[in-house]
Each structure stands twice: as structure tokens, then as C-alpha cells.
Amino acid sequence: MDESILFVVLLAAPAAGAAISLVPRDGVEILASLLSSAAAVLVSLLLFTSNASGTFGFFYSDGLTRIMAITISSVFFTSVAYSWFYVRRINEPLIRFRWYYSLLDLFAFTMLLAVTVNDLGFVWIAIEATTVTSALLVALERERTSVEAAWRYTLIVSAGLVASLLSVIFVYFSQGTLLISVLTGGQIQAGLLVPLAVGFALVGYGTKAGIAPMHAWLPDAHSEAPSPVSAMFSGILLPTSIYALVRTFNLLQGLASFEVMQNLLIGFGIFTALLAAVIMGYQRNYKRMLAYSSMENMGIILVGFALGGVGAIGAAIQIVAHAFAKSSAFYGAGNILVAYESKSMAEVQGVVSRLKYSGYLFTLSCLAVTGAPPFGVFVGEFMIIAQAMSTGNLTLTLLLAGVYTYGFIGLNRQSVRMIFGASPSSMDTPEEESGKSGKIPERENWVSVAIPLANLLVALLIGVYMIPLLLQAAQGIVP
Amino acid sequence: MIFSASLLEEVAGLLGILVILSALYLQSQTFVDPTIRAVAAQSLLLGGLFVVLFLESGVVDLLYLAVITAAVRGILIPMVMLYQVRRFKHSLRETGTGQRVPSLVIVGVVMVIGGYALFKTALLPTLSNPSVSVPFVLILLSFLLIVTRRNALSQMSGFLEEENAVLYAGALIAPTIPLLIEFAVVLDVLGVVLVGVILSATRDVLRTLEEPELEQLSG
Chain A
0 MDESILFVVL
10 LAAPAAGAAI
20 SLVPRDGVEI
30 LASLLSSAAA
40 VLVSLLLFTS
50 NASGTFGFFY
60 SDGLTRIMAI
70 TISSVFFTSV
80 AYSWFYVRRI
90 NEPLIRFRWY
100 YSLLDLFAFT
110 MLLAVTVNDL
120 GFVWIAIEAT
130 TVTSALLVAL
140 ERERTSVEAA
150 WRYTLIVSAG
160 LVASLLSVIF
170 VYFSQGTLLI
180 SVLTGGQIQA
190 GLLVPLAVGF
200 ALVGYGTKAG
210 IAPMHAWLPD
220 AHSEAPSPVS
230 AMFSGILLPT
240 SIYALVRTFN
250 LLQGLASFEV
260 MQNLLIGFGI
270 FTALLAAVIM
280 GYQRNYKRML
290 AYSSMENMGI
300 ILVGFALGGV
310 GAIGAAIQIV
320 AHAFAKSSAF
330 YGAGNILVAY
340 ESKSMAEVQG
350 VVSRLKYSGY
360 LFTLSCLAVT
370 GAPPFGVFVG
380 EFMIIAQAMS
390 TGNLTLTLLL
400 AGVYTYGFIG
410 LNRQSVRMIF
420 GASPSSMDTP
430 EEESGKSGKI
440 PERENWVSVA
450 IPLANLLVAL
460 LIGVYMIPLL
470 LQAAQGIVP
Chain B
0 MIFSASLLEE
10 VAGLLGILVI
20 LSALYLQSQT
30 FVDPTIRAVA
40 AQSLLLGGLF
50 VVLFLESGVV
60 DLLYLAVITA
70 AVRGILIPMV
80 MLYQVRRFKH
90 SLRETGTGQR
100 VPSLVIVGVV
110 MVIGGYALFK
120 TALLPTLSNP
130 SVSVPFVLIL
140 LSFLLIVTRR
150 NALSQMSGFL
160 EEENAVLYAG
170 ALIAPTIPLL
180 IEFAVVLDVL
190 GVVLVGVILS
200 ATRDVLRTLE
210 EPELEQLSG
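Protein chains in written order, with numbering that gives the first Met the number 0: chain A, 0 to 478; chain B, 0 to 218.
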């Protein structure tokens, strides 16, 4: 089979979904988006199993491309499905629901384009386009906080991404091409411009990936966006930006300046992870807490890619496992938000007595994203710390161990307290009077439980069953 | 050639200085309306500069870039932004930053001098084109504008100035990749339309809610 057709279909599916979603007939938008996202999952699975490598016309594929494509399309599919449950509860949306689904499809399209295109310039354009397609999704709930968060997201990310456009210009000026296939396979011209390009890419794509100190937009946008959008931001948008950064960073392989820039990336990565791990434990808003957890994971993933070897493979595995586990956590958070109408952990206590399944799912998802075995994130984190140890960098090893431990305790202490703690109303008022905020068990919508459960199971399967498959796919990530 | 190379070089230098002066003028404004007009003028200057660079180098892509820059960034985007200003009359003036404007202009001048010195020592040996110092300084000034303003449209003007700077740098460093830059320009328009909608919604909701609402976005 000609694999270039697969790439075309992979991109055509969400693009068609976006167009059909705008047809003004009830139900068309959800059906079109579901079918297009399911098609994207199917095609990315075919690409994954075909081991397609090399150039395919306008596209480029290697292990990282295939892993990113399947991750993006899977979280896209589950977010569309979860949207069916979640967004219809929004009373006065900023945009019509058919526009919501259309933008969701376009958002996925831009991310899939970023990870498959064979040109660093188009990678930049696609990543810039993710901002345009997703900003309105953040503001969907039409509250002042969500609109403000959308504004901050648009401004900070767009201003930051201009730096990565400079990076693209420097790459072109120094190498005379932007084709990833040529840059990966050919001889890179040494000089100051390549490390400079990596530096600007770190600032630009790092802003979009939530790398500190350019992360100011991230907790706001993640906490204020509707839960399916938060899941896409956290699970696939941040790794897509890391992907662009890694593609630029890999140009340095074999150059004298590699070590300096490697240390710079490791420094930014570990600083991000440390900062997020510390702040996470003190959050009062559970969606904001999950946002900081994403920042922590992106910091660790950046360290993994910068270390290279087993660390880079571990980072790729962590991208997939984190995407499934974190989207499950955000869907669980969405269920809690729908029931309690509050994001404050002080007002949401004893969840398990009211939302039994969502409570357990949220707790397990939090365990999964913080690297509890046997979930996939554990395997990724283990491989990254193993690589740090093998390079003899004791400081980095200890820092990583500290981040893993502190992040694990910080997030899970908070989530367990929220899910299993005593409900405030059950302490103050009789059970029969506790009403909406009390602990009367609710009948949960099966879709709202099945989707996070499915994603959590995949995160588990990655840890216990799919590692050989991912290891095979991830070979050759570092040129 | 109709124009001599030295004349074109001098005109390019003069336009570069005017671009920097427009950036300092932007910095000195407390009203939103002239800020937008200044960024429009800066984009038109940039369009003129690209025409001069086309005459110097003969790269036709620069001519396309000049037309797109003038039409989209110099006319269309400012028109959309001015429409927003007229629609929400209460947001005509920058709040909070007003008293600090004279100090900010001085900071801007210091940044121009410091930025040039930094460029000369750190980047000039590699880029070997002293003209790139102008967009380099322009990027620093645009960051200053973004971080010191509270009004959404003033911040947007800072973002447009930053993109102007990168367009300028791109045209000087790698004039043969404007296709990419043209795409960026198209995306800009999309972005501005989108931001316009968000701004409208912000203003609508702002009328009914109090400041403490935003305290949720901290920590």
C-alpha cells in the first residue's frame, strides 16, 4: 500500500469532519466528528503497524511521528465522545455547538499536520494554527475567567511562538533547507546559528509546551477550558510542541555545541518539573492541580529527549501513557464539575460517596499520571532516570527522583483527600438534608464513566503489555 | 538599474530608523487609538522597506511580501482593531500604565542602545549583517510594550510589532523563504479575527462581573 495515501486520509478525516460539522442540522456535528476521529484512529493504527519510515511526498515519518499520530488521534476521538456528555450542559456557550465540534476537528487537524509534515516551516505554521483553532474552545463556557484565560493563552503563546519563527529562519539561513528528511539524514553545517536556532525553539515551542518560566498561560487555560478540551491540551497539544522542539534539537547531533544545548534543555526541563511538583501540592482548584501535573510531565519528557538513548525512548513512551492517563483524569474532573458545579477542592469533598465510579477513576488516573506502577508513565519515568544514572549524572538522578517522589505525594495526597475525605455537608447537616452538595449517591451517565475508564485501561495496558510494541516503534528516535 | 545601490542602501537605513522611531512612539502612547494607528504606519513602513530590499536584491518574493504586509498588516488588521475600539468606547485609554509612560520611553531608549550593543557583540560576528540590529531591537521594544500594557488591544499592538520585527529579520537574513512568512501573515489575520470575537465576549461579560472573579486565575 502507498503510505502517502494514509497520511492524506489521516489529515482529510478531521478536515472533512470540521466542514460537515457546520451543517445546520441537529446531531450532524457530533456524528461527523465521531466518524472523522474514528477514521483518524484507524488510519494512524495502520501507519503504526506499517512501520512507514522516510519521506512520503509532503510528509515525513519515523517512530516519533507514528507514536505522536496515534496518540493525537486517540485522545481526539475520546474527547469528541466525551464532549457529547459534557458540552450540552453548558447553558450559554460562547459559540454554537456545531462551531465547537468544527474547531475541535480543526484543532486535531493542525496537531496531526504538525507531527507528519516534512518541513520545519510548516511545523511552525501548524503549531501557530493550533492557537487559532483552540482559543475559542477555551472560552466556550463564556465566564469572565474563561475568556480572560483564553486571552492570556492567545497573547502569551502567540508572542512566544514568534521566537520559534526566528529559529526556523536561522535553520534555513544556516542549512539552506527546512526539510526534516534532509536535515535528519544529511550533514549539518556547524556554526553558532544552529544552537541559536535551538535556543529560540526552546523559548518559542517551550512557551506552548508549558516549559517554565514561559508557562504562565498553562494553568489558566487548562483549568478554565471545558474538560474535553483540557484533556486535548494536556494530553496532546503540549507533546506536539515538545515534538517540534525535539526536531530542532536533533539538528545538533554530532556538533560541538550539542552538550551545551543538551544541558540547557535538561536545565529547563528539570526546573519546570520541580516547580510544578512543588506548586501542585498546594492547589485549591483540582483542574489547576492537573494542569501543573501536565507541566511536571512535560518537564520530565523534555529531560528524557535531551538525554537521548533510552531516555528519549522513555520520553516517547511517557508521552503516550500520559496522554491516556491525563485525559482520563480530566474526564473524571469533568464528571465531578458537572455534579458539584465547583472546581474548589474545599467544596468538593467525599466524592466517592456521591459519584462512586468517577471518584475511583479520578483517584486511579492521578496515580497513573504520577508514575505509579504498573501504569505506562512509570515505565517512561523509569527509563529516563535509568538514562540519567547511566550517564553518571548524580545530581540529575537525585533531582529526578525528588521530582517523582514529591509530585507523587503532592498530587495523590490532594486527590485522595478530595475523593475520600468527609463531605462538608455530611458533617454539618443530616444526610437527608444534604441535597446537591451532600453524599447521596448519583446514577452516573455510562458514557461519562466508560470513556475515562477506557483511557485508563490503555494507560495500564501500555505499562503491562504494550512496551515491546512501543520500544520497537520508538527505535531510531534519536538519529 | 534605475536607482544606485548606495541610494537604496541609504533609503533602507532611513526606513529602518523610522521603524525604530515608530516603536518608541508606540511606547509613548496612553490612548489605544493612536497605538493601533502607529503599528499600522510601522507595517506600511515595513512594506516600503521590502520594496527597497526587492530593488536591491531582485528577489521577487520580497515584492509579494511587501504587498501582503501593507495590505494585511498595514490596513486590514488595524481596521479590525479600530472597529473594536469604536464598539467599546470605554476602553479607549490605557489604565494604570498612564503615569509610567515617560519612564517607559526612557527604558525604551535604553533598550535600543543596550540591544544594539548586545547584537554587535553576540550576533553580528555570526549574522554578518549590521542591519539585523534594527529588528533585533524592535523585538525587545515589542516585548516591553506587551508586558507593560493592560489593555488587550495595546497588548495586541505589541504582538503585531513583534511579528513585524520577525518579518523584517526574515527578509534581511533569509529573503528566499517568504512563502512561509506569507502563511504566517494569513494566520495573523485569522488570529486577529478570533481575538476580536474573544475581546467582544470579554467586554460583554466584564460589564456584569467584578474584579475579584479573576482571583481564581492565580496560584
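Keep in mind that a hint or two might mislead.
As the list claims (entries may be wrong) - One-sided excerpt, in silico: chain A residues whose CB lies under 7 Å from chain B: (1) I168; (2) F407; (3) I408.
Stated by the list, open to error - Coverage of chain B stretches by chain A, computed from C-beta distances (three or more under 8 Å per stretch; other residues unrestricted): (4) 154-162; (5) 167-174.
Just so you know, these hints were derived from the structure itself, not from any lab. Each residue gets a CB set at the ideal place from its N, CA and C atoms; glycine is no exception.
So, going through the hints one by one against the coordinates:
no. : hint    : in the structure
1   : I168    : 5 Å, holds
2   : F407    : 21 Å, violated
3   : I408    : 19 Å, violated
4   : 154-162 : holds (count 6)
5   : 167-174 : holds (count 4)
The structure fails hints 2, 3 (numbered hints given earlier, in ascending order).
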